[in-house]
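Enquirer: So the sequences go chain by chain: A and B. Once you know that position 199 of the first sequence is 198 in numbering that gives the first Met the number 0, the rest is easy, because the numbers rise by one and skip nothing. Once you know that position 63 of the second sequence is 62 in numbering that gives the first Met the number 0, the rest is easy, because the numbers rise by one and skip nothing.
Hints listed in this document are in silico derivations from the structure and should not be mistaken for laboratory results. Incorrect hints may have been included.
[Said to hold, decoys possible] Sample of chain A residues facing chain B (criterion: CB under 10 Å; computed from the structure):
1. I9
2. Q22
3. T28
4. V55
5. G103
6. D126
7. V148
8. R158
9. G178
10. K232
[Stated by the list, open to error] For lysine to any residue, the following SDA-like pairs were computed, each having C-alpha atoms within a straight-line distance of at most 25 Å:
11. A/K232 <-> B/V122
12. A/K208 <-> A/A144
13. A/K232 <-> B/V53
Predicted model, so just to flag it, every value in this text is computed and none were measured. The beta carbon of each residue, even a glycine, is placed where N, CA and C say it ideally should be.
Here is what each chain is made of, one letter per residue.
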Amino acid sequence: MRQPVRTSVILAASLVALLVFSQPVRSATLTILRLPLSILNGALRVVRLLPQLPTVLDSHEQLRAELLQNQMEIAQLREQVRAEREAQLLGAVSPPGVMAAVIGRSMLPTQQTVLLGKGRDHGIVRDTAVIDAAGVVGRVTGVSATTAVVTLLTDADSRVAAMVERSRETGLLVGRARGVCELIYLELDADVQEGDRIITAGLGEAFPKGLLLGTVTSVVRHEALGASSVWVKPAVRLGRLEEVWCLATKRAEPAMKPPARPASAPAPSRQKPR
Amino acid sequence: MSQADVLRRFAAVLGAHWVLAQLMPSPWWVPNLTIGALVLWTGRWPSRWWLFAVCAGWWMMVATVREPGAALIGCVLIASATRVAVRQFDWDDPYLPEICVVLGTAALTLSTLWTEHVASPTVLALALLHVCLTTLTVPLLRRVAG
């Protein structure tokens, strides 16, 4: 009868240890797994890209042509700006932050999160806003020394103060765990319609004002409740994240500095916006 | 099969779960191979149920942002229930493993939806899809388990 008792004791001790030290265990595990996860994620990206290889060259040529055209337009616009409003625009600086690669995604469908390959050592703290070229991705909700967990906009725990860009109606954007978000706390006769862009309202420290959250897909008027709710499709393709930008919060600003100007770039009189 | 082989195959299935989660655009389309492996390995080797429960629970804790303790306890409860089922019924029955996987996955998913207050008809349909996908992997997991 000693075997079952010993097994029970070992199990109980293991469970208690894991429960008590769950955070350190998770942090240590994520730190250890960061490199293999990054490598494996890189290999998976290659596998995903293989079917697209035939079109990559064509896209590359097209993009080079567009880039050259845009660079010429930028040069012309820069001259116009320098002539008219040089002091205001050239004084703007890039928002401080850090670029991070997405090295993992949640295995649990009820929690929409991604894992970043950078953490506290790179200046990322809890509640850091995370964005993409297309818009807002989410917010950092867990951070270790070398990794950070980002809760996406579509997660059930996600709450972002938002507004309708056109009419400036404000509400709260909440995640609904199935790839979409809902903008709630709108008046019954709120001026919002399908196709409207939803942006951050800038309330609170995390998200600056004006960042794109998504687009309205449907509007529901609840006459019995005297309120409206709006379904919003996120602007960012949350299922295909590769690299994101972590905006600095006021707490993280000393650790995050604007990116240095490359030595080969022409020397402007002041720093230019990105 | 040696214990090292058993654990290696168990770990491989857990790793496959993570890999699938990276490839699929939505986690709802990813079968919960961790729970499937936990049930099948516990059914095949009931004396080691605590080892599989702790390993699966630890892996779920790493993947969980909220309530990691609940994920761990959930794995322990699923493994315990499977061990009871093995004692009461014949594990060689072709439907018993599938039934245990369905019940375990459904219990874990629905309890999470309930605690996070996101149980809408659409989400429940997605949860049903998730459970069905997990169940479809049982024959493959049985082959891996040996």
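Enquirer: Checked against the structure, which of the hints given earlier come out wrong?
Expert: 4, 6, 8, 10, 12, 13
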